[in-house]
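Protein sequence lines, in the order shown, are assigned to chains A, B and C. The first sequence begins at 1 in this note's numbering and counts up one residue at a time. The second sequence begins at 1 in this note's numbering and counts up one residue at a time. The third sequence begins at 1 in this note's numbering and counts up one residue at a time.
Because the hints were derived from the structure by calculation, they are not lab data. Heads up, a few of these hints could be off.
Label pairs and their calculated CB-CB ranges [unchecked claim]:
(1) Glu-445(B) to Glu-300(A): 32 to 38 Å
(2) Val-34(B) to Ala-106(A): 25 to 31 Å
(3) Asp-103(A) to Thr-255(B): 23 to 29 Å
Covered stretches of chain C, as calculated for chain B (at least 3 residues, CB under 8 Å) [stated by the list, open to error]:
(4) 106–116
(5) 205–215
(6) 218–224
None of the values given here were measured: they were computed from a predicted structure. Think of the CB as a built atom: it goes at the ideal place given N, C-alpha and C, for glycine as much as any other residue.
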Amino acid sequence: MTDEHRTPVSLSGLPANDPHLQPAARNPKLVERVISVCFVVGTLCLAGFGACYWIDAQPWKLGATMGGGLLFLGVGIVAWGKYLMPRGPFVEERHTLANSEADRQAFAAAIVERGGGVVQRRKLLGGLLGGGMGIFGVVALFPLLRSLGPLPKDTLQHTDWRSGSYVVDQSGRRVEVGDLAVGSIETVFPEGTENSDRGQAVDQTVLIRVSNEAFTTMKGRETWAPHGYVAYSKVCTHLGCPVGLYEQELQLLVCPCHQSMFNVTNGAVPQFGPAPRPLPQLPLYVDSSGYLRSQSDYHEAVGPGFWERK
Amino acid sequence: MSDVINTKRSKQQALGRYGRVGKTLDELDDRLGVARGGRTFMDKIFPDHWSFMLGEIALYSFLILLVTGVFLTLYFIPSSAIVTYHGSYAPLDGQKMTQAFASTVNLSFAVRGGLLMRQMHHWACDIFVGAIVIHMARVFFTGAFRKPRELNWIVGSTLLILAIVNGFLGYSLPDDLVSGTGIRIAYSIILSIPLVGSYLAFWVFGGNFPGTTIIPRFFILHCLIVPLIIIGLVSAHLFLLVRQKHTQFPGKGRTEQNVVGSPMFPVFMAKTTGFLFIVGGITALLGAFAQVNPIWQFGPYDAARISYAVQPDWYMGFLDGALRIWPSWSFHSWGHTIPFEVLIPAVVLPGLIFNLVFVWPIIERKFTNDNAIHNLLDRPSNRPKRTAAGVTMLSFLGMLFIASSTDVLAKFFNVSLNDVLVSMRYLTVIVPILAFPITYRICHEIQALHGGGRRKTPNVVTRSEEGEYSATPSPRYVDDVPSHLEATPVPTYIHEESDESGDSGVRVVDR
Amino acid sequence: MDRAVLGPVLAEVGTGVTSPLFKRCAALSIVSLFALGPVLLFAGGAQASYKLTPYQSSRKNAGTPNSTMVKKNSDGVIIAYGDSSITYRAPSSALVTLGAALFQQNCASCHGTQANGVPANGTSGAYPDLVGLGPATIDFWVDSGRMPAANPRSIEANRRVPRLTHDQALAVSAWVNSLSPSFPLIPYPHLKNANVADGAALFALNCASCHTIEGDGDALALGTFSPSLRKIPSIEVAEAIRTGPANMPRFTGNLSDAQVNDIVKYVTTEIQHPNNPGGFGLGGLGPVAEGFVGLAFGVGVLALVGFWVGERDD
């Protein structure tokens with residue numbers, strides 16, 4: 001095989017005995033046999049897929065037979081094309097995409113002179129139509145956007161915790177003051193919301209027993225943690241993931257999503273990671289029957305930041 | 001005497017030179033006029049280089065997505081209505097969950113072939129986006145985006161964005177614990193946009209998180225709207241490719257004015273059909289042997305529950321990594337909050353990256369002052385600045401991807417999670433900055449090497465009777481005569497001091 | 001007997017708990033003591049007759065003797081309690097002598113000969129005080145191999161091949177408990193009464209945030225790690241949940257015995273023996289591992305195939 005045979009030739013007008021039309025394989029008969037084996041194995045695999053499906057075999061058997069079948073058939077077809085078909089290389093001329101100068105001038109003339117002339121002469125119409133199209137574009141967006149959902153109004157600023165809400169766990173059981181030992185953590189909700197989407201998404205709160213006595217996390221919050229029960233919003237102030245990971249010796253609440261770490265003892269101030277604000281703390285009190293209740297709603301909006309957040 | 005003689009030969013002659021097939025084609029041509037166009041199409045030459053097959057991986061995995069996806073739509077119920085699951089998977093039996101999740105569990109366990117289809121669909125998506133990325137890298141590093149193909153570059157970049165978005169929408173559909181967390185994060189990202197964030201978030205989700213409309217909306221987007229756009233853009237992509245003809249590497253017989261390769265029919269069609277089958281086969285084997293997205297183990301989404309080690313699927317990793325390492329900058333004054341710690345990594349950064357990608361052909365034209373038509377590709381080492389810029393961007397994105405797995409890295413290497421995160425902050429800045437000059441240097445070194453970056457040919461060294469060595473290229477295969485790659489010259493002697501060196505005592509050796 | 005009942009009541013009042021609930025309970029118990037003393041002894045449910053340590057909750061059937069069933073030995077010491085979900089049993093008192101010897105050999109060099117955290121060189125507080133922690137705590141640490149500690153200065157003691165056998169661990173816990181008897185006792189969950197679906201839901205809410213939903217554990221803050229749950233016997237799972245070792249929070253009144261039993265069943269069946277119908281589980285690492293496999297085996301292999309299908313430069 002000499003150099004000349006690797007020179008690309010054009011497809012048209014080739015004599016039938018041109019070496020470019022010969023298969024690439026040195027031993028086409030052998031290659032043909034190998035390819036036929038591939039095809040047979042592939043077909044058997046695919047038939048096997050049918051059988052496996054019929055007997056409701058496990059998914060991996062279905063996948064293995066399908067995969068093996070397709071793979072063998074594919075390898076065979078590629079080998080056919082690569083080794084047994086005309087080896088080439090062939091060449092084809094690119095024709096310049098661009099048309100002649102005369103054509104381009106005519107095209108431009110059609111647009112500029114005909115179109116331009118029309119608009120130039122009827123400037124008022126053009127302007128009015130443009131304005132109309134603009135307004136159409138704007139109002140077309142209205143149903144596409146506004147009908148999708150309600151206005152946020154004040155919804156993001158409040159949760160369902162109220163003054164006197166009973167603290168309940170996810171099964172609705174009220175938390176009593178003797179329930180948790182030091183080092184315990186529980187996910188709690190205001191009574192009545194524990195089964196609702198809003199309750200879980202917005203009201204979710206972690207209740208941690210950090211001590212046996214009343215605990216102060218920050219100045220001004222002396223009454224917020226009676227008997228050592230501290231409650232923080234479970235919604236991370238970074239992106240809203242539930243901050244359920246409590247390390248009791250390090251006294252850290254870690255958010256599993258992006259590993260913001262909040263210090264439980266000083267008001268959940270973030271001491272590592274991307275969260276920008278402390279977790280809001282829920283003021284608690286213990287009523288005369290020994291149940292834990294909230295003094296009021298959180299004193300700030302819970303969760304991630306948004307424009308209207310004060 | 002009858003006028004018509006009924007013999008085999010006369011029938012043959014009546015059919016014409018090409019028999020029945022020819023007759024059928026004639027009928028088609030009468031109606032559609034396809035003869036000339038069809039011949040031209042079948043003679044079209046496609047260059048054969050292996051790196052041109054990367055885009056085909058993407059195309060064929062998309063076809064697999066369509067086929068398996070249709071199967072899935074017949075069983076998946078895109079509803080957030082709460083149902084109680086009663087089925088073969090014991091840990092979920094009796095639990096309340098959305099119908100979306102229940103139907104996905106049903107698909108995985110009760111529908112014959114359902115789990116295989118689900119897994120093939122998921123693997124095909126991972127492969128789809130991966131193939132687009134390496135295909136895009138090939139196009140970038142070889143300069144195939146230059147005139148006249150800038151439009152195709154834009155179409156392709158849009159396809160990348162749509163593929164990533166559709167993947168996110170798709171794996172969020174089952175409403176499981178892991179993907180539901182991703183939806184919560186997406187909601188918070190929308191919320192973080194100044195001025196309009198809360199409005200947009202409420203409109204997209206139909207209210208506060210989680211609401212009941214997001215899954216049905218994701219379903220329509222994932223199954224109808226985005227795939228239609230993708231199909232349209234892929235068709236445009238292929239049309240432009242066929243119209244403008246594929247690029248090719250420079251080589252023997254190849255010029256700016258021609259294309260060298262195999263004809264569409266039968267060679268290229270055989271290779272590409274075989275490749276389609278191989279892509280299908282690999283995807284099916286992955287779907288058989290590698291479990292992916294086992295949503296039944298995750299359980300249904302509940303806004304108060306979360307798992308640790310929740311990363312998004314790999315192609316969203318750069319966003320997750322950026323969100324992890326970004327410092328907690330937040331603007332909070334005058335009654336308003338702008339959460340920059342969310343806005344910059346999740347909105348501004350990807351916006352900048354993709355905009356840079358889109359306008360790169362224009363940037364390069366400005367820098368190189370090159371408005372000529374290019375049908376021949378560059379070797380990456382011959383364009384050191386472009387290659388270095390590309391490697392810098394890829395290493396920056398790579399660092400972000402690695403940053404997304406900080407907890408897995410800390411566990412695997414048994415180091416403190418905090419240390420890993422802090423190091424990733426530094427590495428994400430340092431590695432790309434270092435990558436540029438290193439790549440630049442490597443490109444120049446390759447250029448300086450004789451035959452650098454090309455397939456090496458062994459030399460057969462013989463010694464004549466006088467003792468002279470000579471080297472001739474030794475073809476590995478009988479027919480393999482690399483013509484334009486000369487043998488590497490064997491050093492013959494050491495130069496005397498040459499003027500170039502200037503310094504005495506410096507030897508310059510011929511290599 | 002009066003002292004035994006009065007003691008905890010006074011202790012509660014003494015720790016500064018001033019809530020009306022406790023005052024009421026204290027008054028009630030003093031009255032009922034005189035009225036119902038013998039009945040209380042055998043009914044064994046109404047009021048705790050043990051010291052409520054900082055680790056214990058007042059909720060019924062939550063790991064303390066405030067349970068449906070309480071069994072005492074002839075000396076009136078509680079040796080078992082619980083309900084149909086979990087039975088808590090004290091280690092046999094016959095093991096105490098063995099436990100004393102094992103403790104002096106393996107533990108006293110750090111925790112001190114009196115198990116109070118004062119080692120031989122007398123630095124008080126250098127090592128944890130083990131007195132009054134209850135047998136379940138001690139048994140967990142020793143049986144999981146975490147103690148004796150390989151490196152006392154490491155951030156956390158990791159699970160290793162246990163140095164002491166099960167019975168030896170029980171013996172050590174028997175001796176330490178004998179110094180100051182406390183609770184919880186060693187839990188023996190009755191898994192056939194457990195509901196694995198409830199366990200899955202509880203696991204997702206309470207455990208997955210540290211141990212991951214697949215139970216493989218991961219790296220937590222500042223060099224700590226949550227361990228993998230794949231190879232832990234059921235007793236240890238229950239012990240860990242109730243006692244909250246190291247950084248793990250303890251689940252006392254927030255989980256009833258039935259709920260703990262459900263979680264133990266879920267962990268020992270689904271987490272430890274997952275049926276992975278889809279193929280190899282890829283290490284339970286989730287999308288990170290899937291990404292690697294998809295890119296390396298999917299795209300990588302296909303690119304290599306493309307390398308075969310296409311031509312190379314001549």
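Now the hints, each set against the structure:
{"no.": "1", "hint": "Glu-445(B) to Glu-300(A): 32 to 38 Å", "verdict": "59 Å, violated"}
{"no.": "2", "hint": "Val-34(B) to Ala-106(A): 25 to 31 Å", "verdict": "29 Å, holds"}
{"no.": "3", "hint": "Asp-103(A) to Thr-255(B): 23 to 29 Å", "verdict": "25 Å, holds"}
{"no.": "4", "hint": "106–116", "verdict": "violated (count 0)"}
{"no.": "5", "hint": "205–215", "verdict": "holds (count 8)"}
{"no.": "6", "hint": "218–224", "verdict": "holds (count 6)"}
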